[in-house]
Each structure stands twice: as structure tokens, then as C-alpha cells.
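Novice: Here are the chains, one letter per residue:
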Amino acid sequence: MDYLSHWLTQDLLLVLGLGGVATMLTRAARSERWSRAWTRFRGDRTGIIALCVVCLYLFIGALETFRVPVGGGDTKSLLDFVVGNIPDERSYSAPFANQVLTDTKAQPDPLNSSRHLLGTNQLGKDVFVQTLKACRTALIIGGFTSAIYIPLGALFGILAGYFRRWVDDLIQYVYSTLASIPEILLLVSILFVLGQGLGSISIALGVTGWVGLCRLIRGETMRQSERSYITAARALGQSHWNIITRHLLPNVMHLVLINFVLGFSGIVLTEAILSYLGVGCPVGTASWGVMIDSGRSELSRDPVVWWNLTAATTALFGLVLSLNLLGDSLRKAFDPKRG
Amino acid sequence: MAAAVWLAACDNNPHPPALQKTRPDGTPWVVRYQAIREDPRSFDPQYTYDQISRKVVEGVYDTLLEYHPMKTDPYELQPCMLAEMPVKAADGLSYEFRLKEGIKFHDDPCFPGGKGRELVAEDIQYVFQRIADPAVESPFQSTFEECLAGMAETHKAAKESKKLDYATQRVSGVEIIDRYRFRLRLTKQYPQILYWLAYQCTSPVAREAVAYYDGKNGREDFHKFASVGTGPYRIVSYVPRSLVVLERVPNYTTTVFPSDGFPADKAERLKPMAGKALPFIDEIQLSIHHENIPRFVLLRQGYLDLMGVDKDSFNAMVSPMRTLSPEFQNRGMILEPAFEISTFWISFNMDDPVIGKNLKLRQALAYATDSKRYAEIFYAGVAPVATQLLPSGIFGHDRERPRRYPFDLEKGKQMLAEAGYPGGRDKDGKQLELTLTGQGAGSEERQRMEFDQNCFEQLGIKVKANPVTFARLQDIEDRGDFQICTTTGWGADYPDPENYFMLFYSKNVSPVGKNYFRFRHAEYDRLFEKMVVTENGPERLEMTRNLQQILDDECPMIPTFHKAQYLSVQPWAPLTHNNLMYEVDGGHKYLVTDTVMRERLQREWNHPVLWPLFVLGGCIVAGVGAFIRGVRRSKNQTV
Amino acid sequence: MLNYLIRRLLYAVPILLGVIFLTFLLFRVVNTPEHAAINALGPKSSVAAREEWIENNGRNLPLYRQLATHVKQLGTFDFQPSTVTKRPMGETFLAGVGPSLCVTLPGFILGLWLALVFSLYQVFVRHSAADRTITLFCVAMMSVPTMVYIIFGQAVVALGLGWFPVSGFHSGLDGVRFLVLPVCIMAIAGLGYDARMFRAVFLEEIAQDYVRTAHAKGLPATRVLGRHVLKNGLIALITLTVGQLPKLIMGTLLIESFFGIPGIGNVMVLGIQTSDEPVVLACVFLGSLFYLAALILTDFLYAAADPRIRLS
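Protein sequences, first through last, are from chains A, B and C. Our numbering puts the first residue of the first sequence at 1, with every later residue one more than the last. Our numbering puts the first residue of the second sequence at 1, with every later residue one more than the last. Our numbering puts the first residue of the third sequence at 1, with every later residue one more than the last.
One-sided excerpt, in silico: chain A residues whose CB lies under 8 Å from chain B: (1) R90; (2) Q122; (3) L123; (4) S275; (5) G278; (6) D293; (7) S294; (8) R296; (9) S297; (10) L299.
Calculated cross-link-like contacts (lysine-lysine; reagent style PhoX-like; alpha-carbon spacing at most 20 Å): (11) C:K86 <-> B:K216; (12) B:K427 <-> B:K413; (13) B:K224 <-> C:K86; (14) B:K464 <-> A:K76.
Because the hints were derived from the structure by calculation, they are not lab data. In this text the structure is predicted, and so the values were computed from the model without any measurement. For every residue, glycine included, the Cβ atom is placed at its ideal position computed from N, Cα and C.
Just chain A, same shape as in the assembly (with noise of 0.2 Å):
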């Protein structure tokens, strides 16, 4: 049963978000446009490594997802597997440590040495471990933050550049409300009111984060909606809902898939803030916030407790990093002049 409800409050609508994401990219992908700016992603060299280092992300949060029954009631995540049983030690110890200290001094390792990768931290838990975890815990916030604001963004965008008048002043007033909140101040509150949790996260990061989108798609809607073929289909008597989803749509899906990858990555950095503030992830949850901001007393330490701090620092920078780059191949390829 806890299995179930687990699948149903959190993996199912993740699986059901990436879902909705494929089906409307295909549909997109349809468009002269989008085969167009796939020739030229393709020849995008920077571009292509980026996208696989995104997938290699991806598949080992989903990895971690997904959980199977181990027995007794006990689910274990595919990554467990995977990385076997490692041990916990009881508190620190250092990549490749072979001798464990007892009371008050080292020994050799009875079991057998180096079997810590990157160490382990506070809570003798091992880094490598924990950071590989740490995967699922930003994809999930990225990836439920992403299927808040963008279906809200984009919505907002286009109504108030298609229905312009008060649409427009009515949505215009709500993101300028927003947006002259400090926002790190806005998020606090908000995850004040929800509490902690990977959902308020997102949440909290959703709410505050649709307002560039929206700016964005509403100017891109304005500018199409002058164009020849809206004025024909209106001409024609089509109906909103058949211009919006049939034409509208189609023709800002690139600024959203560009937006989508490039705002991932802002989530991702935003939650290591969080972390300091005290309103992060939930307690025992793997996350790269958290080990970056117990890295921050550690390094005051001798022997210098760098590996948790380094291990959390390099993971996501190598995912932040990879999916600015594919944003920027992404714009190249819809927007060769502009790149």
C-alpha cells in the first residue's frame, strides 16, 4: 500500500509530467520549424554532448524513482541495486580511507579498504551515494517547478497577448505584482505557509517563476498575432480555442522548450539558497543544497572535510552547466541568426 501511494503522489505525476512534455514535443516537432532546427541541433556538436550528459541526469534520477518491493514492505530504489550494499561508517571518513578510528585511535579496516569512493559524510553515509541520490531530488524539483509554471506561463502569455485589453492589463498586473517582490523573500514566504517538502518547493519555485515566461510569450504572441495567417483564420471565423491550440501554440512551443531548459537550471542553483536559508529539502532527503551548505562549516575542519562540499559542487555544475549549453544550441538551432 505505501508502495502504491508513493507511485501515486510522486513518481506517476512525474511520469505523467515528462509524458505531456514528449506528446506536446512531438506534435511540435511536426512543424517546418522544428525538423529545421533539428538538422541544424544535430550538427551542433557542444550541443549533442550536452544532451547526453542531460539523458545520462535523467536516467540515473529515474533510477532512483523507481522503487520495487524488496520484501517485508520495504522498497528499495533500481540505484541500491546498482550501487549494492555499502556501508554506513560512523561518521566521516575520507575517499579511499582504509583505517576506521575507534574510540581514540585508527585502525586498519577490517573489512576491506577504499570502498568509499568520495568518503562519507557527518552521518557516515557515503558521498558518492548520496550525491548520485541527490540527482532525483533536483529533477523532481526542476521537473514538477517546470510543470507548474510553464502551462501557467505560457496559458497567461498568450491570453494576454492574443486577447490583449483588459486580459492583458489583468495579467500584466499580477506578474508586475509579483515580480517586484524581492523574490527570495517571496519564496520564503510561501514555503513558510506550505511547509517543507520537495512539492512546496516546487510549488513556491512554480508561483514565483512563471512571470519571464509569460513576459516572453505574450510579446512573441503579439508579434504573430499581427501576422497574415492569424488575421485569415480569424477572417475565417475560426474559434479562439482552435487559433490558440492550432496556431498560436505551435509557433511560441520553441521559446517554451528554450525556457524550460535554461529555467531547469536556475531551479537547480535557487534550491542550494534555500538550503542556507533554512527552508530546503526535507530532513533525510539527498540533495546538493544541503551537502553545499554543510560544506560550509566543514572546511573550517583539519583535515579538511572537502569531499562532500566538492562532490555536491561538481555534480550539479556539471548538470547546470550541461543544460545552459543545450539551451544556447537550442536557440542557435531555432534562431541560427540570432545565436
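Chain A is fixed; fit chains B and C onto it per the hints.
Specialist: This is chains B and C only, laid out in the frame that chain A set:
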């Protein structure tokens, strides 16, 4: 110009160059540098109740009684502004006090002519009036309401008339006998009141100062950050979020350095100081650092005179053998253990239908709690594992007492089965799920919660962690909206067992009192009431043992550890007291600092490493070169 | 012109009201009167004292009446004092603006200057290997969390090399040594993003017809870039950078709190960490105010710099 800025900047000394200030007799001015974690909340002694503010005002406001700076096991009171220890009436319901003559308030513009006037018994009446005054919002009012005659009436009358009239609405329990003598009348036997007279909340303040500092026309508000006291220091500047500076008051004569009670290891050094005038330091700079790294770095560089070694910097300075690491030993640094008078625990809500009614379940959780490893991880093994409610330094603490529920996972599992959850599941096969509430703002605190969570989950049950902010945790405790609470404890207000055992007294059940365990036990209550009014002695010792026994049997909480840390002390500023009621690095008036030695060692320890500078410079030159070349080349290129 | 200004100001009023309403609601929902009382009186305070505090501070009134008082207070800049430190907010802000600007202004200018130099250079050597390398470098710099820059700076530059004090603040020339490190970190942390953005702006400008004309006239590339492109590109940059001005006044949260600079960013972090409601509400209000002011200023600068745009 860049080079000039660089030269001006390339020095890691955070203190401004020593002002060429000298004492009136021509000897050098002695400054001491210490750090505090947070901003003080107020300098009003009747209002502040937090440790940080207390540490600041402690130098400014002398108390009627004070703790002997060196007798700590158990702690002992001695007169400070009183001429002698108070005399207790035969019925135990009143105490008579006599003030020292000639104690003066600090010179301040609030007094006519700017000269501080003498402290008289009438000032004590004023203090208790202030505590009763609703406008002061004194957190101590409820304490005195229960024991001091007239406190409740005055408070109520003032609330009804919206304003306390200091001329007419007096606290009847404070009777002025003559210019220097007064009497406190109690409503019940409460020997612990003497400890409150050693707390800054009863320090006399001058009514002239309160009237003058009204927060108008550019004057500070006395309720906030103005201070006129009778202590050895006064606050000369306070920059919020940055620095508090205390400066000595000329002609302070109220107390002198004690001449007895020296601990054996320090006696040699302290004996020559006996009877000397206090304070020894001219100026104390308390810089405010919220983050750990800066504080530790400053100590390491010699720019702080003393610091409590917390967990993170502990490994840097202390080798696994719990001695100072060679680097710091060579520097002459000294390590002093400091056991704070506090106990931390994991508390159970006795009103909770699952955990409160199932003793075996509580015991199972107690067996699963590995406090030793906890202390190792989070306190580098310095903090002693708690075996009982009372911390050491308080009468009734039993050094020999073993932990009732030692860490034993097998026994825990067995207890869990007996409790009705074999393997962590109830008879329907559903996994038991408990909620663990605790303070969880920083990543460190979250790890502590994660630790407890892991401990309990080893039994096969599921534990949901609910981290909340500090204020919300207090609120949750008061409302009883929790199952298990962790990261909580109690720091002693005064060194008496009553201060701890009252936490389980049924008349103190939250939200009225601090018994948020909602522990109700008739036998315990009866024993407690008797223990409160008994003098320290074998009889009272027996009572504390019995009270502890009941707590062990009923298990409303799992004691985890007594907070402790090492103090790392710079060679030029050896400790001269070991009184933790003064806070780890308080007791300002007893402190000493050798400035000559400090200056020498600071120079010796701080040599900036310069070679990366040249590498950096090289990189910049290369970059500029590449830049110019790129620009040149593109000059002829078409755009 | 004046008409436009008035209209913009009037437009700002409902936005400000929205901001106040939203944040007020959020905070009053989270921060029950009991929490506020505990914050103000401390954990060991009695329940009676807390109830009294709640009554004295009007926290038991219906929400709409509290909101009315709140709006009135903000409208007259009569902020409530902090519940934790009891300091009046006006004083706290005035004391904090100076230190904040000490760090953010030099950091902002240095960052801007560096970004300009880098992006112009990239435009000079555009589409070359050097250009691509610098772009990659910029993206890499964007991908490191600010906190890592700070931690690295403190652990290596301040502790390891001993060049600067690790934390603290002094006013006057003596305080320069405290500022060098945070200023550099601030400049570097934002450099990647700015340089990339500036490059895009300049490249767009360079594709314009007038650049081709200028070049056809035989003007050297340095002159075309240095004069025309820079000048026209700056118009676009104004929009992008003026929007950052409120951030300067509000300080940078992380840097100030790590380096112990008593600025407004530090006030905000403490306000958040101690759930000090009046502080956070005041910060939000002033932050929005600055933001809206900067928005209006941007429009005017834009119009002043580009005669094609008329304010109507």
C-alpha cells in the same frame, strides 16, 4: 591606484589600529576581543531573557547576589551589591537584605550634573515595580507573581489603570526598612528566590535613566538600547549586526577578586590576584558573527582572545585523543572543558494516544537511542551522555548513576514486540508510523533530526521528521501538537534541582507552565512539593533520587546529553574563572589579557602567502596581451 | 512627459497595494499571533504574558482591521519595530544602506566593467576560438552557486593565503580591507551572466545597417565598435542594468551575511531566519518600492538615450 588599494588592504587584521589610548596613570589601555553569535535583543535588564543580551548587560549591571566565580560543584552564592548574605526569617516567608554603602550609578547625563547618584533601598522597590509594569513586558513577572507578595496585585492594578503609577502603586512585598535595608515578603516558601537575585532581572536601574532615555529627540529608549547601571562596565557603542563595545567605569569598587575557592590547577596563578580591584580589562569588544567560519578563522589568526570550540572547529584544533593538535599546542593555546548546565532530551507527549499510553513503546525507543554516537558526531565526544535529568553542577546530580536504558537494539526490538508492534508492525500488519518534531532550520540541525530518525527506524518502524522553526517548536510544545520532540532541552536558570524537576510537575502542564511532556503523576507531585522547600542535605538528596527514579520508570523523555564544549584560550588570555552561570565567555570583570604578548604572537602567526599574487598578476598581464592582440588583428578585418 | 510620469506613478500604486496585501496575507497566515509573541518575548515567557502581548499589539483583531493598520503604517513609512531586536525599522534601514552600498556599488561597477571588457573583446574576435572559449567560460561561471564562490573565497583567500580579514566591517578608509574580497566575489559571481548577455546585445547591434554603412565609409573597426556599437548597445544595457539598482540598495543576501557586513541583506537574512515578521514585511515593501522606481527610471533613461522612443 590599484596597487595603493592593495597595499592598504593586504592585511588580515580585522581590528582597527590600536588607538593610542592610555589609562590615566600612563599604562597601556587593554582591549579584549570576543565574539558573540547574535545581536543582543535589548539592554533592559528587566526585559532581556536570552543568553546573548545577558552576556552583554552582565558587565553593566551588577546583581544583588552573585555566583562565586570558581566554586562550581555545586554553585555557591555570595553577596555582590549586598553587604552580607540575606537573613531568612524563621517561617521562611521573608528575607532581610542590606546594601553596601557608597555604590554609585554610572555618570550619565540623566542625573543632575551628570554625576551618578548613590544606590539606595528604594531602587529595589523600583525594580520590582518595573517587573510588575505591563509596559515593560517583563518575562519574569510570572515567576515573581507566584512567590512575591503584592506582585500580582500591582500588575493587575496597573493593567486596569492602563499605566503603572510608580508613586502610588507599589509592590507590597518589598518593604523598605531604611536607606540601605529592605525586606522581601513571600507568599509561600521559596528558597530559590535568592538565585533570582543573582540574575540581571533584579539588577537595580535608576529611575532617572528610565525617565531620561525615552526614545525621543534622538535619545535612546531605555527599554531598548540605553543602559545606566552600577556594574564595572558601560556600553559605549553598539552597531547592530557588527559590534558592541564595553568600557570600564572609573572608580568601580563594589567587588574585588575573591581570595578563596581557587581550583588546584590554577591556584598558583590566581593567588596573587586575590583581593585586587576589578576589572582588569579597560575595553571589551564583542563582535557579532553569525557564521561559524569567520569566528574560527579569527581565533586561529589570533584576533579573538577566546572561543568556545564548537563541533566544526573542534577537529581542527583537537586531535582524536582529545588534546590540542600539535600546531595549536606549539602556539601555547590552552584547552579548557566547559560543561554547560543543561540537559537535552527526546521528549514524548504523554497525552498522545499512541506514544503516551504505551510505556513499552517509549522504552523501546529509549533503547534504540544511541546517545554516545550522537555526542561523538555532534560534540566530538566532549559532551557527556546524559544518564539523568540533572546536569552536573546542580545539587542531586549523581555521577555514578548508570543510564537506565542503555543503547541496545535487540532489547529495543524485544520491547517493541511486547508493546504490541512485533517487527514494527501492529496486529493488522500495518507499519507503525511516528512523527518526530524538532528544530530544523540549518543543515546541521537537520542532520541531528536525521540521526534520531535513523535510530528509531532501526527498530523497523517508520518515522516522519517534521523540522520547524524555533518559535514554531515552542508553540507546538505549548499546544501539545506533537508525538515525539527532539533537539530540545533545558538550560538552568539557576543551579537548583527545582529548576529541572518542575518541568514534570503536573501543575506546570503546558500551556500554563513548562511541562510540555504533559506528565502527570501524583506521587511525583507530592515528592516534588516537599523537595522544593527542603534545604540541601541528605534528605533532599534522597528526594531527588526518588524523583529521578519515577522519571526513569515512566520514561516521559530520553535524556541524551549535557551540552559541553571546550574553550580554547589564547596564551595571552588565560581563564580566571570557571563559572558557567556567567556564560562560557562571560564574567567580564574577572578576565585578563596580556596585550604585549598578543601583539607579538599575532605578528608571528600572520604572514600572507604572496606567490599566488604573482601568478594572478601574470595571468592578468597575459590576458591583457591577448586582448590587445585580438583587437589589433581585428582592426583590419571587415565588420 | 509629466503626464507620463504621473500615469506611471498612479500605475505603481495598485501594484504596491497588491504587494502589501499578498505579503501581509502570507505572513499573517504563517506567523500566528502565538509565534509572533514567542519571537518577541522569548521561549521561556509565560502564556499569560504572550496573551497580553498579542492583545497589546492588536494581533487578536480581525485580519482586515490589521491589514488596514498595516497599509496605513506602510503608507506613512511608519514601520513597526522588529519583534526580535525592537529596533525601529527606519533606523535599521538607514544604518544598513551605507554598508550595503559599500559592497554592492563597487561590486556592481567592477562587474559591469569586466563584463563590458569581456563582451567587447568577444565581439572583436567573434566566432573565433577565443570567443567560443570565453563563452564556455562564462556559462561555466554561471553554473557555480554563489555560495561556493563565497566559501571558496573565505577558505582559500582569507584563511589559506591570509590576504584579507575573513569577516567584519569598519567605516572609513580603514574598512577597505574588509571590502576587497566580498566586492571581488560579487563581481565574479555575476560576471558570466552579464558578459554573455552583453555579448548578445552587441552582436545584435552589429548586425544593424548603420554599422555596415559606417564601415563602408571606411571607418576602422575599433572606431565603429568603440563608438557606435557601444553607444547604441548601451541603450539596451541600461534597461538591463538599471533594473539591478534596487538590488544594490537591498544588498546581496549571502555575501553580506557571510562577510558580516551590517547591511540590509544581512537584516533580511536574519529576519527570515528568526521569522521576524515586521522586518521581512518592511523589506518586501521597500524592495518593491525600489523596484518600481527603477522601472520608471529605466523608461526615462531609455527615452533620453533613444530619440525614437517617445513617452506618451
